[in-house]
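Asks: Residue numbers (the UniProt record's numbering): 1 to 161.
Hints are computed from structural coordinates only; laboratory data are not their basis. A quick note: this is a predicted structure, and the numbers were derived from the prediction, not measured. Some hints could be false.
[Claimed, not checked] Calculated cross-link-like contacts (lysine to aspartate or glutamate; reagent style EDC-like; alpha-carbon spacing at most 20 angstroms):
1. K15 / E31
2. K156 / D107
3. K156 / E126
4. K156 / E70
5. K156 / D69
6. K15 / D33
7. K15 / D54
8. K141 / D33
9. K156 / E137
10. K141 / E73
11. K156 / E73
[Claimed, not checked] Now the in silico label distances, taken between C-beta atoms and shown as ranges:
12. R7 / E106: 15 to 23 angstroms
13. P11 / A76: 31 to 39 angstroms
14. K141 / M1: 30 to 38 angstroms
15. R46 / R146: 17 to 25 angstroms
16. L94 / N71: 31 to 39 angstroms
17. A26 / A111: 28 to 36 angstroms
18. L22 / T159: 32 to 40 angstroms
19. A140 / N2: 31 to 39 angstroms
20. R146 / T114: 18 to 26 angstroms
21. A26 / T114: 32 to 40 angstroms
22. G32 / A110: 14 to 22 angstroms
23. G57 / A110: 22 to 30 angstroms
24. M1 / S133: 13 to 21 angstroms
25. R58 / T159: 32 to 40 angstroms
Virtual Cβ for every residue (Gly too), placed ideally from N, Cα, C.
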Amino acid sequence: MNIQPMRFDHPDAVKLNDQVQLEYAARYGDEGDVTPLDPSMFVPPRGLYLLAYDGLGRPVATGGWRTQDENAEGYANGDAELKRMYVVPEARGLGLARRVLAALEEDARAAGRTRMVLETGTAQPEAIALYTSSGYEPCAKFGHYRHYETSRCFAKPLTRR
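When you get a sec, could you build the whole thing from the sequences and use the hints?
Replies: In structure tokens:
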């Protein structure tokens with residue numbers, strides 16, 4: 001697999017974002033994740049967006065992080081927030097999400113971020129299993145969905161290596 005930085009508004013990123021939104025809508029019975037996102041949020045050094053391509057050049061996985069600091073939505077200074085982690089169904093089980101996650105954590109650490117945070121939901125048990133097996137622990141709720149019963153928030157310190 002070829003994992004490379006890409007703009008959030010690149011056509012391949014848009015394609016996979018549309019697919020993950022359809023999956024969110026199906027799982028939660030709503031319009032998908034309506035958290036406001038802008039491509040500029042993922043521009044280094046204040047963020048990063050990655051796309052993974054298979055051997056045929058097809059986009060099969062995405063993930064990004066964006067800078068967050070203390071604000072009214074419950075973030076803390078030094079936070080890096082994971083967004084749009086997704087693997088297309090036919091590429092699941094190959095370890096792609098874990099590889100993208102590790103690359104995002106390393107990049108956020110190098111950018112001086114001290115904690116990686118994420119929000120997922122109860123209808124995404126696979127995501128929760130990935131994050132908890134990768135060292136993430138439940139934390140105080142933050143972000144757009146912090147008042148939703150189905151929301152689950154996790155954090156992991158980004159310690160220097």
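Asks: List, from low to high, the hint numbers that the structure doesn't satisfy.
Replies: 22
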